[in-house]
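**Q** Go by the hints and put chain B onto chain A.
2 protein chains.
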Amino acid sequence: MEQQDEQVGGLSHHGSSQDLGSPPISSFEPGESSQQEDGTVMRRSESYLPVPGEDKNLDGDFNGKTRNDESMPMKTLYASDGSLLHLPLGPYFSDGQRRVDYVLTYGIQKPSAIRRQSSKLSDNGYFHRLWRSLSSRSSRAPLQLKEDPEVAATEQQANYHEDDKRFKREEFEQNLQEMGLELEKDEGVYEVKQGSNLVEKIRLFIHKVTDPLHPKVGPKRPEDVKSLSLPFSKEKQHLFDLSDRDKFFDSKTRSSIVYEVLKRIRWTRPNYSLGITSLLANGVYTSAYPLHDGDIDGVTAEPNDRKLLFEEWASYSVFYKYQPIGLIRKYFGEKVGLYFAWLGVYTQMLIPAAIVGVIVFLYGCATVDDNIPSMEICDPRNNITMCPLCDSVCSYWKLETACGTARASHLFDNPATVFFSIFMALWAVLFMEHWKRRQMRLNYVWDLTDYGMEEEDHNRAEYELRVAEKTMRQDQGAAKDEKVKLTCTDRMPAYLTTVVMMSFMIFITFVIAFGVILYRISIKTALHLSTYPAARSNIRATVKTTAAIINVIVIIILDEIYASIARWLTTLEVPKTDKSFEERLIFKTFILKFVNAFTPIVYLAFFRGRLVGRPGKYLYVVGSYRMEECAHAGCLMELCIQLCITMLGKQLIQNNLFEIGIPKLKKLLRKRKSELTSKQEEELHKTLKRYEKDHVLGPFVGINPEYMEMIIQFGMVTLFVASFPLAPLFALLNNIIEIRLDAKKFVLELRRPIASKVKDIGIWYNLLRGLSKVAVIVNAFVIAFTSDFVPRLVYQYTYSPDGTMHGFVNHTLSYFNVSDFQNGTEPNPPNFNVKVCRYKDYREPPWSNTSYELSKEFWAILAVRLAFVIVFQNVVMLMSDFVDWLIPDIPKDISFQIHKEKLLMLDHFMKEEGRRRDNHNHDGYTSPSSARLLLHFH
Amino acid sequence: MEQQDEQVGGLSHHGSSQDLGSPPISSFEPGESSQQEDGTVMRRSESYLPVPGEDKNLDGDFNGKTRNDESMPMKTLYASDGSLLHLPLGPYFSDGQRRVDYVLTYGIQKPSAIRRQSSKLSDNGYFHRLWRSLSSRSSRAPLQLKEDPEVAATEQQANYHEDDKRFKREEFEQNLQEMGLELEKDEGVYEVKQGSNLVEKIRLFIHKVTDPLHPKVGPKRPEDVKSLSLPFSKEKQHLFDLSDRDKFFDSKTRSSIVYEVLKRIRWTRPNYSLGITSLLANGVYTSAYPLHDGDIDGVTAEPNDRKLLFEEWASYSVFYKYQPIGLIRKYFGEKVGLYFAWLGVYTQMLIPAAIVGVIVFLYGCATVDDNIPSMEICDPRNNITMCPLCDSVCSYWKLETACGTARASHLFDNPATVFFSIFMALWAVLFMEHWKRRQMRLNYVWDLTDYGMEEEDHNRAEYELRVAEKTMRQDQGAAKDEKVKLTCTDRMPAYLTTVVMMSFMIFITFVIAFGVILYRISIKTALHLSTYPAARSNIRATVKTTAAIINVIVIIILDEIYASIARWLTTLEVPKTDKSFEERLIFKTFILKFVNAFTPIVYLAFFRGRLVGRPGKYLYVVGSYRMEECAHAGCLMELCIQLCITMLGKQLIQNNLFEIGIPKLKKLLRKRKSELTSKQEEELHKTLKRYEKDHVLGPFVGINPEYMEMIIQFGMVTLFVASFPLAPLFALLNNIIEIRLDAKKFVLELRRPIASKVKDIGIWYNLLRGLSKVAVIVNAFVIAFTSDFVPRLVYQYTYSPDGTMHGFVNHTLSYFNVSDFQNGTEPNPPNFNVKVCRYKDYREPPWSNTSYELSKEFWAILAVRLAFVIVFQNVVMLMSDFVDWLIPDIPKDISFQIHKEKLLMLDHFMKEEGRRRDNHNHDGYTSPSSARLLLHFH
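Each protein sequence line maps, in turn, to chains A and B. So in the UniProt record's numbering, the last one in the first sequence is 938, and the numbering has no gaps at all. So in the UniProt record's numbering, the last one in the second sequence is 938, and the numbering has no gaps at all.
Heads up, a few of these hints could be off.
If chains are identical, the list can't say which one is meant, so a pair holds when it fits in one copy or spans any two.
[What the hints assert, rightly or not] Distance condition first, Cα-Cα at most 25 Å in a straight line; then the derived DMTMM-like pairs of lysine to aspartate or glutamate:
| id | residue 1 | residue 2 |
| --- | --- | --- |
| 1 | 436 | 889 |
| 2 | 667 | 706 |
| 3 | 579 | 893 |
| 4 | 757 | 578 |
| 5 | 892 | 582 |
FYI, nobody ran anything at the bench for these hints, they're computed from the structure.
Isolated chain A, as found in the complex:
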């Protein structure tokens, strides 16, 4: 009987849209069978066979134990159903044959309990049958509304609100049943041209070497074979290879077809129309999702793509392997596929950057003992007395106590850093170019080269609602023929709110950053007051580290808050389409998160130690807080610590807490509701149907948070790389974990996303490009102003008496006459041995006519610093543009293949058309709907 069903379903692929509402059995029409008998289909494999993989494991060891707990609704549904034992556990309808491609859920209220029920949508063959599965699962008869438990429940409650939802649902589902659609791909095979002999040998060698790095996914198709493909259209189906009708569309495509139908079907009233998004938003349905392919482990685990992905991708044990991008795309769709491809390219590109970064760091380590400035600082013979670091409580200190910091600074502040900044600027450009080429290659492999904006984006439900409201308001006066749309004026309040809120939140970020500065100052003073020598000796390190940790925690908390505020603001603006919504949201989130992440870092890099004033005339904020100074060897060291802690902390906490911990917690909470022991849980799990298992999983919320995280990381890696050459290494280590973590999340923790087709990574590419442009100027400033690179250079080539760095430390320190301290700021108790103390600045000595004014050296060095910025920025920009120009955006072989494929497609077209026409001529029959639409889908 089931076999019979399938046969009929498979044959009725020309069914008009009217017959889609009826159950599949009745959709055989005589008019269509003649179509079957023309030459087109005759050439295909005529005998239809059910796919072996789908019939397997249907009779797996199924645990039929029943329970009667009302608070676990899915269970309840089974309890009342005797035929349960024979139900398949894969993503099928109760007939075990027709796939469930998409699930809609809604809640119904019963006295003292909540019942959940699933409505499943299936497609079969080419078009889509809609099946509303009822609680009496064994009955496969058409809708039996009387027996619907929902109806019974609402009858008892007489709840108007629930009633309304139910009516909406019913009409919407009726509409769904009246719908059908057509789309997708065709296959034919040709050989990819081989390269020349040597190239081919090298290619083979590389292939052999990297073979263990490739994931083992499926029977390996020879790499040189690629299918010809063409957007599917019903009118052109004679062109396609329809031999395996059941697998012609993969599960991802089927889901997105169903989703497309769902989006088009509307629950309509005059002036009022709701699509699936609005129905979901209004709670008419609680969720809507497609199904995973199958289970990953356990007894019911038949071989499926999900399991393959789990084994070859979403596992830490395969961290060294390439990602199976093709399979990811096949399972999750192009958008997710492109994200992981991008993440892969980024991670791959981080490897050379990390290696060079480590070499630069090691160079710093190796040369730390040859570094004359730090030797001079550490030399106690110099016996330099420094001015106190805070008022009254701090005392004079000897420069040699800063020896450790000075030596550590050298690790990050040496000439190799300049080279590394330039290297990383070019690296960023190379990364972009590499990605563009990879994207082009994927576009080719995934047959997206001709994919344009074919489908017009549907308006968002909220937008249509607002338009409807506006229309009603305007109905009195305005002309009818003008199309109503939301103008800037309509959105003005929302825009104003956005601007105000964004400014306020940025202000909050600044205030918090400033608060951390105050914390640092006051803690430092407090620790200076402390009498424990251990505390005093570690003052600097303690303050730096705690401040950095506070910063990180604040950043992480604000990040979450800002994300929700950005979403709320975007909702206020009522964007027209989903795309517009996404872009506006990304834009806002990016600005907020970026400011949030980089405010403390920018402060450390460019402002710390510059707004200090000078001894005797310090700068005070908030009453009596004296602004903090840097350690002798520049602020670079502190910047470095901050970056290190931010990167590590953010990644560790966000990865572990937000990406692993919280989803686990949520899942746990969902499960806890069912009040089962873990053993019972496990038992139950085996009995759950696919869509019930997936319902427990977290909803898919889009790929953008993942991108955002990576973009902020990219910012850390490129923007301040001059101060922290190990950043690429940290990023690399994080990303290796991140890929598998995200993979696990997608495969295990989340419901399957609706596959969406995109050609590129969109706005993210522009953000990356913008960041790498900003990175050039930021790095120029870090090298010129934060590091001591320029002063050292100037000293060596102009001021040094012997052309070496000897005397550099003395040169950078100005003199201060301790008698010039303001009242109350001199160290207490006073040290009467000290007449003159030193401080780091270029100022005239006390014995000059213009004492304590900025000296000529200051201006000369400032001029050189600025000149360095100009030269660095323009040289690097020029080099970047040159690299950009040098590397073609489309790989040569791909552009050649695309051209060739077009010709082959034409050939295939002509052959098929010719064969078809010959057939027509033979039997004198001409199909009126043959090849007219050819240009449309091109």
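**A** Below, chain B without anything else, positioned relative to chain A:
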């Protein structure tokens, strides 16, 4: 009979390629007539009528006077031909009906004379008949080789070389005759959607106001109507509106079709194959060109596009009108059309720039009397004694003598200039954006939106020759299956030559610029020696002006030399395709011309006056030449003069001499050869056939020199606009003339170019973009370093005692103790009254410990200058990027129209296919070649 010919020709449009070689009369085949009878053509206007415009004026007053002068070959041809009087003078064959679309010429040697002969190629209807017109013009029989005067001539001479050429010609022409092709457009009409009422009213108003500015070309089609179009293909001809078969392709398209055939036809021997380009290069043919539409004036002037272009475009009297871009494109093709469209947009955009520039200049004029620094300079009470400007012969001078220069400087060096620089940077971005949009719009109107790189570029003849040589050399060893191509190694000698020659030529440019500097120094010294007071008073002005003029002349001469050297170098490199040749040539020419034009200007802007040294320690070059100083008020004035003279001089001389004078001269020379009086000439002119008239015109050498000229001008306008706000005005005035000048040249002076189809202006856009990027940084430096803007600002806000500019001049002048002059450099005779003289620099006074060293002010001001550069560059770049991002590249209405047009096209397709199929079904006939190729040409 002629009517008969035409009819048959018109019907035989399905002729296979074999029948193209025979004269048109024989091309009627029965198999094709059945094709005519199917529904496709039936719907079209069946009755074929000769076009009225083409039969007119055939019997104009033709002067049949004969002459017997052998040195005037065209004349001779007529002299022997009695039927001359009845020949039409338009671009027709001797039957007066079939158009000549393309002309090939070659020379033949006769004893003591050179004979020229024309071979004409014609196409008619859809395909192309080749017609070799013989010297006995009255005979319209097929090839009569025996009577060919060439054969006769060569028989007499027995010249092997000429013989070889003749054989090549014959075979080539035979090949031509065996060829046919199919391409082009179709029309249908739809309405462009109207905007809302208000917008429409404004549009109409603007249209009314600007109406006199629009050229009157042809019967005005309603603007809202646009033809649907599609690349023509023979298989799809049923879709096209073929009602007027003779005008289906315009003359431009017909010529390019013929040219395409010419390029594909080859004269072949084993290992040796020559296309038309090689045949032209080898002198087998002397020239190849399509024909102009007709005469512009005189008795034979029937209404034609060329005449219309002359009247409404190529005339100074219509300088205020828009250009008839559509007609230009129709007549000359897309490439020329885009050039003039671009030139038009550029000129249009120059109007606001010129207005703002003039306002900035006027602001300078208005504020010159309020300018405190120049007042101080002019005030004799200050009585400042300046150090001498040259060694020994020059004396001390009073600062007030520089009053005039100082006041003049203010015109170009005032705060408004900074604003103008920013304005022009944004202007450049706006210009680019505007052009991108205009280009998109033209692409839409000209149906290029779907035009890709459909035709593969043919390899250049030289390249194939070199490949053939290489193949022969490799034949012994290498594997056969590898495709031979020129590698980098093959081209290495050429590349080396290029690098060496380019460096050498850039070096030459520098040497010449340096020579002019030396000239300036020595002339200045010489004039100082002169005893005439008149000479001495005008020294500066004289020297500046003469030097600038010399520079201009050198630039113009070198420009011509460099152009030919660049061409020679590119030929050496043997580029593969014409496109590659063009790009390489443009790249080289651009670098050379750019360096040539801007070396003196860059020297003046950034180096002059900076490499002077200081009194007592001047910098000397080439022995005893002391480097020149600037006048007191900065070098900006001199830069300004140089720019002014360069722009004016270059444009005047190049326009007048090269674009008008030399072509006229060449034409005159060609005519002088014929040794006729001007009256005889005129008489003769009336009797010349179209292709003979066109042969007298200059050959078309491509549009690139025109672009190059404009790009250099664009460089002048944007790069140094900070120093010369009148540059846009000058450019505007020049371009208004330039447009008409170029137009005249194209319409009157040159042979008609082969129409080439391009989508954009290609490499020129990148050059423009590059220039406008460089302009930002150059302007930043000009403002920061060349002008006194930053010192004035610094003085006012830090050094000035009262916050005003009073005392600024004194502040900028350093002191020099005259006793510190080096021996022999002090003024002679010495002035014993002067103990201390002043010079313009920031140095310590003689009484300082570090006398004559750079002062703190110098460094401070330098730092501010550099900071200004950084801020200016980044702010302007940010603003530019923002503007770029703000303006969408494709105008909204255009993208909407493109979408709509695609839908309409589909509609048309379906309708036509349906109608066609219905017809098939009615008469039971199915064309095997119907709609199979639909996707190919898309």
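**Q** Now look at each hint and say whether the structure bears it out.
**A** Verification of the hints:
no.: 1; hint: 436 - 889; verdict: both (6 Å within a copy, 21 Å between copies)
no.: 2; hint: 667 - 706; verdict: within (20 Å within a copy, 71 Å between copies)
no.: 3; hint: 579 - 893; verdict: between (33 Å within a copy, 20 Å between copies)
no.: 4; hint: 757 - 578; verdict: within (14 Å within a copy, 39 Å between copies)
no.: 5; hint: 892 - 582; verdict: between (34 Å within a copy, 21 Å between copies)
The earlier numbered hints are all upheld by this structure, with none contradicted.
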